[in-house]
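For chain A, the structure is supplied; the task is to place chain B on it using the hints.
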Amino acid sequence: MKLPKTLGIVGTVVGAAAAMLVSPDPVFAQGGIPNCADLENPIYMTGTTAVTPVVQLFGARLKNVHLTLLWNSLRDGCGSVGDFLSTAIDTSTVPVYSYYQESTDATGKVVALQCNAARGKKADLVINDVGYSSCNSGAAGTLPATAAEFPGPVQGAVPIVPSSFFANNDVMAEELQAMYICGSIANILGLNPIYDYSGTTSGLRELFARDIGLPGSASINSGLGTDLKADSIVGQVSTGTTSFGYTSTEFYDQFRDRVNALKVRGVGQKLAYWPDSDKTNTDKINIREGRYTLQGTLRLVTKVDGNGVPTNPTVKNIIDWFQQNPVDPSLQLPFDITEIYAKGGVVPRCAMKVTNDGDKAVFKHFYPAQPCHCAFQVLATGKTSIPGCVPCGGGAGAVDSGVTAVAGTCATNQICSHGYCEQP
Amino acid sequence: MRRGFIPALLLGLLLVGCNSTNSASPSNTATSTATSTVTSTATSTVTSSVTSTVTDTTPDAGCDEDAVGENYYIQNCTPGGNGTPILRQIPTVVQNNCQP
Chain A
1 MKLPKTLGIV GTVVGAAAAM LVSPDPVFAQ GGIPNCADLE NPIYMTGTTA VTPVVQLFGA
61 RLKNVHLTLL WNSLRDGCGS VGDFLSTAID TSTVPVYSYY QESTDATGKV VALQCNAARG
121 KKADLVINDV GYSSCNSGAA GTLPATAAEF PGPVQGAVPI VPSSFFANND VMAEELQAMY
181 ICGSIANILG LNPIYDYSGT TSGLRELFAR DIGLPGSASI NSGLGTDLKA DSIVGQVSTG
241 TTSFGYTSTE FYDQFRDRVN ALKVRGVGQK LAYWPDSDKT NTDKINIREG RYTLQGTLRL
301 VTKVDGNGVP TNPTVKNIID WFQQNPVDPS LQLPFDITEI YAKGGVVPRC AMKVTNDGDK
361 AVFKHFYPAQ PCHCAFQVLA TGKTSIPGCV PCGGGAGAVD SGVTAVAGTC ATNQICSHGY
421 CEQP
Chain B
1001 MRRGFIPALL LGLLLVGCNS TNSASPSNTA TSTATSTVTS TATSTVTSSV TSTVTDTTPD
1061 AGCDEDAVGE NYYIQNCTPG GNGTPILRQI PTVVQNNCQP
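Residue numbers (the numbering used here), protein chains in the order written: chain A, 1 to 424; chain B, 1001 to 1100.
If you are wondering where the hints come from, they were derived from the structure by calculation, not from laboratory data.
You can trust all of the hints, since none of them are fake.
Part of the chain A face toward chain B, derived, beta carbon under 8 Å:
{"no.": "1", "residue": "Ile-181"}
{"no.": "2", "residue": "Gly-266"}
{"no.": "3", "residue": "Leu-271"}
{"no.": "4", "residue": "Ser-277"}
{"no.": "5", "residue": "Gly-290"}
{"no.": "6", "residue": "Arg-291"}
These figures come from a predicted structure and were not determined experimentally.
Glycine is no exception: its CB is placed at the ideal position from the N, C-alpha and C atoms.
For reference, chain A alone in the conformation it holds in the complex (with noise of 0.2 Å):
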């Protein structure tokens, strides 16, 4: 039943190239790496480096559809932004992108592989962390008409220390301000050295710096910056005793094993919290509900039309799964975003009840067209009863949720959405 979809969406996605649904092997540049541009269907796309772990597992499920997500983040999601919109074309180097696929063994990870990309080529899609008018770049500010943003799933940032931490297990937002303002002369807990990203690439450090409470990421110690990414300055912490930095709630989730998260008591709060409800938890419940203030929506940006519309197609296809909006039903995919989104880290707009305007830890209450709040609860557990979640199936707009979903009777309130009643 999933094959014939697969089909309808290579089919339509690709149109003219459907040709090429049964892919010859990718012609091997000097070196045994591929050129990208000669596997199957290549999707070029940049950005954040936070946001990696979701990226590896949807771009392995695409290559399932004969679609080739291919991933670099070298520059950041602002540096990636300002490439992106620049007239300007680099060819002095022959850009590098990753490209996933599922293994064939039974263990079902996700392997990295790379291909080499002409020079000059530029991304059709850019994953940023703020929006661009948040960024320090010297180029920062309203995108031309030609380029929109996106909202995609909301990540968080997550302040760490080495696992073997235990001196405290929370910090508030006017202490982390003291520790990215003064540096380790501030000697707040103990914790030095102090790790950071880019100061003029990153858009990490833009979100962080206004979720503590900053203006934005000019008011960060410079001399903190070491140009790390969020993956590498989880291997600094977790290698020190008494090391700080902070990363996303992607990369946090894969190494959880390496490093603790402090919870965090934001400015105004009277309480700190974790991203989610305990340490061994993944239901990223406090930033589900605004309690956790380290977070914001990750933004799509790509070239539009005079009607806002992607120009590319494969684009527009990918930003209507990214954002689960409805879709043809030839494009439907044949799993469910909501579990590449529980399982990499980040949280779907349909599963968030609050929302926020700009990228200050300013909330709102946000009510989700087709909410997935069981959904989401079920698949970033792993418990498949969840008090007050009863499991539902064909009603109307109702979505695989990737979870066994029976028959049941929802409430007068409440609609069929993603396997679970839901109230609107």
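The following block gives chain B in isolation, referenced to the frame of chain A:
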């Protein structure tokens, strides 16, 4: 006129200084009296009586954060979540220009 006044004054002082006695006893008295009385009386009585009964049955009753400002949601609308208090004092190092 002032140019001629000062040399004349100096000359006068010089001449006075040459005298062994000075019987001059200048006297200058000025009296000024100003009286102002302002009387203002204002009486205003405003009586206002508003009775309003609002029944909000939505799950977020009493949590209309949009109407009351930036941090209202965080302070008042986010119960639960297994939060814990932090007993440390807020550091002042930032206000002290990074002096511990």
